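I would like the entire structure built from these sequences, with the hints used as guidance.
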Amino acid sequence: MNLENLQQSLIEWQRTLKLLDWDVSVKVVPHREAEEAWGNVRWNLDEKFADIKLLDPADQSGGMRPYSVEETLVHELLHLHFAPFDAATGTHEQRFQEQAINAIARALVNLKNANLQTQGTTPNP
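Heads up, the numbering used here is the position in the sequence shown plus 1473, with the first residue counted as 1.
Errors might be hidden in some of the hints.
With a Cα cut of at most 20 Å, we get these calculated PhoX-like pairs of lysine-lysine [what the hints assert, rightly or not]:
#1 Lys1521 to Lys1500
#2 Lys1491 to Lys1585
#3 Lys1491 to Lys1521
These aren't lab readings, by the way, just hints derived from the structure by calculation.
None of these values were measured; they are calculated from a predicted model.
If you want it as structure tokens, here you go:
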């Protein structure tokens, strides 16, 4: 996914997730800047702006499931909806929130791709 496609995908998902009132920047970063994750997001809830970093697919290696830039983008955007509830809770609660966000992101991207296949359009990698 090149930068232009990534920007288009960002706008598409902001629209789908009702996050157009947020000023969101996204960039692809090498492994050393990815903070040991496929992606991360930093936000300012009062100002409604966020910066998303996504791991460069060229730097992704192994893992239990394939790396999807789009799914990771959706995951990071979903964090913005959960931001008001992101109090400094225990690690168990954070882990469960991450699991929920993973499941929702995967479901949304799979639904989009299934719809594209039905329409005869190729989904994003």
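Going down the list of hints, with the structure as the test:
Between Lys1521 and Lys1500 the alpha-carbon distance is near 18 Å, which keeps this suggested pair within the 20 Å criterion. Straight-line distance between C-alpha atoms of Lys1491 and Lys1585 comes to about 16 Å, which keeps the hinted pair within the 20 Å bound. At most 20 Å may separate the alpha-carbon atoms for a hinted pair to count; Lys1491 and Lys1521 meet this at roughly 13 Å.
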